[in-house]
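With these hints in hand, go ahead and build the complete structure from the sequences.
Residue numbers (full-length UniProt numbering), protein chains in the order written: chain A, 1 to 337; chain B, 1 to 337.
A hint or two may mislead.
One copy or two, it doesn't matter: identical chains are merged, so the pair holds either way.
[Claimed, not checked] Cross-link-like lysine-lysine pairs, in silico, BS3-like; alpha carbons within 25 Å at most:
(1) K120 / K150
(2) K270 / K252
(3) K267 / K252
(4) K135 / K252
(5) K120 / K89
(6) K270 / K135
(7) K267 / K71
These aren't lab readings, by the way, just hints derived from the structure by calculation.
2 protein chains.
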Amino acid sequence: MRIALDAMGGDHGLAPNIAGALRAVAAAADLTVVLVGDEAQIGPALAAAGTYPTDRIEVVHSAGVIGMTEKPVEAFRKKPDNTIAQSWKLVATKKVDGLVSAGNTGAVVAGGLFTKRFLKGIRKPGIAAVMPNAKGRTVILDVGANVFPKPSHLLQYGVMGSVYAKHMLGVERPTIGLMNVGEEEVKGHDLVRQTYELFRNSPLNDRFIGNVEGRDIHRGACDVIVTDGFVGNVLLKQAEGLFEFVMGLIAKDVVGALTTERETAAKAVKQLVGRFHHSAAGGAPLLGVDGVCVICHGSSDDRAIANALATATQNVRVRLNDRIVEELATLPDLGEE
Amino acid sequence: MRIALDAMGGDHGLAPNIAGALRAVAAAADLTVVLVGDEAQIGPALAAAGTYPTDRIEVVHSAGVIGMTEKPVEAFRKKPDNTIAQSWKLVATKKVDGLVSAGNTGAVVAGGLFTKRFLKGIRKPGIAAVMPNAKGRTVILDVGANVFPKPSHLLQYGVMGSVYAKHMLGVERPTIGLMNVGEEEVKGHDLVRQTYELFRNSPLNDRFIGNVEGRDIHRGACDVIVTDGFVGNVLLKQAEGLFEFVMGLIAKDVVGALTTERETAAKAVKQLVGRFHHSAAGGAPLLGVDGVCVICHGSSDDRAIANALATATQNVRVRLNDRIVEELATLPDLGEE
Chain A
1 MRIALDAMGG DHGLAPNIAG ALRAVAAAAD LTVVLVGDEA QIGPALAAAG TYPTDRIEVV
61 HSAGVIGMTE KPVEAFRKKP DNTIAQSWKL VATKKVDGLV SAGNTGAVVA GGLFTKRFLK
121 GIRKPGIAAV MPNAKGRTVI LDVGANVFPK PSHLLQYGVM GSVYAKHMLG VERPTIGLMN
181 VGEEEVKGHD LVRQTYELFR NSPLNDRFIG NVEGRDIHRG ACDVIVTDGF VGNVLLKQAE
241 GLFEFVMGLI AKDVVGALTT ERETAAKAVK QLVGRFHHSA AGGAPLLGVD GVCVICHGSS
301 DDRAIANALA TATQNVRVRL NDRIVEELAT LPDLGEE
Chain B
1 MRIALDAMGG DHGLAPNIAG ALRAVAAAAD LTVVLVGDEA QIGPALAAAG TYPTDRIEVV
61 HSAGVIGMTE KPVEAFRKKP DNTIAQSWKL VATKKVDGLV SAGNTGAVVA GGLFTKRFLK
121 GIRKPGIAAV MPNAKGRTVI LDVGANVFPK PSHLLQYGVM GSVYAKHMLG VERPTIGLMN
181 VGEEEVKGHD LVRQTYELFR NSPLNDRFIG NVEGRDIHRG ACDVIVTDGF VGNVLLKQAE
241 GLFEFVMGLI AKDVVGALTT ERETAAKAVK QLVGRFHHSA AGGAPLLGVD GVCVICHGSS
301 DDRAIANALA TATQNVRVRL NDRIVEELAT LPDLGEE
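So this is what it looks like as structure tokens:
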């Protein structure tokens, strides 16, 4: 099993990527990580890292780095040898089974689209995020690859999300909800109304629970939620900000109210924060492209990188993409749209 | 000061509305509440309520009640004398200064649109919600009246939100952000790109901080956030569900970890929940219609109703609508769109 890692990606450059790669290979004996980046920087960093299984860390040189706020398409033109393009090339030529990057998300997605190697039948790839809820976890997609989707894209996200929930999260019969502004089928704009109809008239109908609302995500109303990439992205980031805000209040108003047991409470809060921090989530997979791709938060630390490498590894192990193609093949033709 | 209250609105029928009205009049000596609903039910409920300032509680009979999940337009046709239509009629004929309803939100908005009495220059009314953040409060609009707005609508929401932040929340120079999937101006779909340009080229430019992301809401990046009613509604409801989820975790994992100070911690958690519960927010104003309108959560209790009546009262006191019209008049003509 070989996974490429964008060694220069993310807000903190090389350090968390190297450390994350070493953690990941230590945890999985069948994993080789291919560090894609500037050899002149990676070499000394590895030399300073102490002992590690040298046969399972490789380096592929790539000089260009796309900045976190650069425009993806322009950046790809100006720096054709960037680490993201190079990582995708390794995927496309089957030199690796997948890639992980904490770099510019738009560029990672663009790199995947540029390969033009989508899974058979897929119209638009989408990014899935796994969010905690009161009963377990929710797979929500798309969270940013496709801000203006068609109904057929959302239907395919339903398929990909179900396959993910089943084979990655162990949910035997995943249920699917459509994010909307109310539960009634007449709610929302054209996209959601048409998507509702498409689900109802598809073989997915028996696992489609209909419209869900924002409050249903963390209540665990269903296992998979489909939405456009604009809404999904805003939701994912709001969850991050709100969690941070509430935990700040808890530290001040709850932990701060205590004396003798303050330390116990602070420790419990710290554990919760660790459990729900994005670094624990294992990254967000870009689904629908031929090849495994896991996208990390720009602020990823070594734990986040190691967890994302573990997600990518697991995606390969369960043959996630084959299963998506198999499931898609059971759907009738979606027509022009 | 006279405010109509949809006495039958909400998930719990008459009881919280009556109790909320009595709390509100007890708290504001210049307030008269006009209960709009079934006299045969309101009479006995008031008789059972004990002593209250009888000269400041009035009843206007209305037989029809629109159910919480009925389709608004159909419901208005079938029950022309519903409590929501009746309340809007009182507003339109200046019998009251405003209205409060915990009923079907779509019907309350539709009732406002049916009056065809928008504030001078307003193209589309929007619902504003006030959300807590790490520095104070954020006014976010629209949260559900306008799921497919035009850029000019969002610009006007910026004006209305600023006026609200200034005169209702006491923010001297409110800043405005545009909800998007990234901070760069090239992000997002056509609506947000065009809206970005419109703000940049308008007299609001000096208070427009550009694009904001989901995580910025509760970090308090700006005082006002404009977005379409679909995104705003989903965000508002996600915040409710996520807060509930996190507080559940806190009760179990943090409070549950304590022994001697468990009660102190539980009390602090309860206070936080009370402070951030929707019933403390004072409802969500529908802005842009000639007449004050405050919409409450369907599950409102008497505290929520009393707080919404207080919001409506304050909107009237600060002459919110006059100030919106004044501010709008300073903007150049928006053209056809």
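Hints, one by one, checked against the model:
In this assembly of identical chains, K120 and K150 lie within 25 Å of each other by CA distance solely inside one copy; the values are 18 Å within and 37 Å between copies. Both within a single protomer and between protomers do K270 and K252 lie at most 25 Å apart by alpha-carbon distance, with minima of 13 Å and 14 Å respectively. Taking the shortest alpha-carbon separations for K267 and K252, both the intra-copy value of 14 Å and the inter-copy value of 14 Å come in at or below 25 Å. In this homomeric assembly, K135 and K252 come within 25 Å of each other (Cα to Cα) only across copies, at 14 Å, whereas the closest approach inside a single copy is 28 Å.
For a Cα distance limit of 25 Å, the shortest separation of K120 from K89 inside one copy, 19 Å, qualifies, whereas the shortest one across copies, 58 Å, does not. Taking identical chains as interchangeable, the C-alpha atoms of K270 and K135 lie at most 25 Å apart whether they share a chain (21 Å) or sit on different chains (22 Å). Within a single copy, K267 and K71 get their C-alpha atoms no closer than 41 Å, and across copies no closer than 49 Å, so neither meets the 25 Å cut-off.
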